Amino acid sequence: DTGVSQDPRHKITKRGQNVTFRCDPISEHNRLYWYRQTLGQGPEFLTYFQNEAQLEKSRLLSDRFSAERPKGSFSTLEIQRTEQGDSAMYLCASSLSWGPLHFGNGTRLTVT
Amino acid sequence: EDKVVQSPLSLVVHEGDTVTLNCSYEVTNFRSLLWYKQEKKAPTFLFMLTSSGIEKKSGRLSSILDKKELFSILNITATQTGDSAVYLCAVEGGYGGATNKLIFGTGTLLAVQP
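Residue numbers (the working numbering), protein chains in the order written: chain S, 1 to 112; chain Z, 1 to 114.
FYI, nobody ran anything at the bench for these hints, they're computed from the structure.
It is possible that part of the hints are untrue.
Stated by the list, open to error - Pairwise CB distance ranges, derived in the manner of DEER restraints: (1) S:S97 <-> Z:Q80: 33 to 43 angstroms; (2) S:R108 <-> Z:S51: 34 to 44 angstroms; (3) Z:K57 <-> S:T13: 37 to 47 angstroms; (4) Z:Q113 <-> S:L39: 20 to 30 angstroms; (5) Z:G59 <-> S:T2: 16 to 26 angstroms.
Just so it is clear, the structure is predicted and the values come from calculations on it, not from any experiment.
Think of the CB as a built atom: it goes at the ideal place given N, C-alpha and C, for glycine as much as any other residue.
All chains, please: the whole structure from these sequences, using the hints.
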């Protein structure tokens, strides 16, 4: 399967713990995006990379969130000191410079 | 503020019915509008529309964009139970070049009953 891959599929953590998610984009795609989706809502933009450069971050992305894309391939999203409000589906997507986003199956985070 | 509004929020139909889903938008420097289908997991891409009045078609699904009135519709004919999903509309716009950053609506939940 050459689609967008995300790991883990599910993560349950206690409030205050740190979590890290990984995304492997479609190999020839130079752009990579992170979105967050809560129940009954559409995905909300968090941040995006073009190759290894992080070009934009949403106001939603507090200083507890950090994303990296070393070498312009896979990306990680880390959430420090998790809060219950961080519970959501975290979706990764990739694209070429011009073209639709292709989404992975997401990582569902539950903060207890 | 840029926004995307979808209607109806939810819809229940019977197999074989035709449905029309609506998406209106307000976005600075519009570039494209996209439709996605989301079942339990990843949104899957359906259509990307950039020009007014040109219908895009894939099997029983079709979509058209009206850039003057700022809306798009997604039609599904002869619905099947496998069409049950959330249908998401998203727009790309803003300044600073083409970023592909999308603003999504809340989606329309379609349930097709046998």
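**Asked** Does the Cβ pair S97 of chain S, Q80 of chain Z satisfy 33 to 43 angstroms?
**Response** Holds - the Cβ-Cβ distance for S97 of chain S and Q80 of chain Z, about 36 angstroms, lies within 33 to 43 angstroms.
**Message:** Range first: 20 to 30 angstroms. Now tell me if the beta carbons of Q113 of chain Z and L39 of chain S are that far apart.
**Reply:** holds (23 angstroms)
**Asked** Regarding K57 of chain Z and T13 of chain S, is the given constraint of 37 to 47 angstroms on their beta-carbon distance met?
**Response** holds (45 angstroms)
**Prompt:** Do the Cβ positions of G59 of chain Z and T2 of chain S conform to the proposed distance bound of 16 to 26 angstroms?
**Reply:** holds (23 angstroms)
**Request:** Please test the hint of 34 to 44 angstroms on the beta carbon pair from R108 of chain S and S51 of chain Z.
**Result:** With a Cβ separation near 37 angstroms, R108 of chain S and S51 of chain Z satisfy 34 to 44 angstroms, so the hint holds.
Violated hints are absent here; each numbered hint is respected by the structure.
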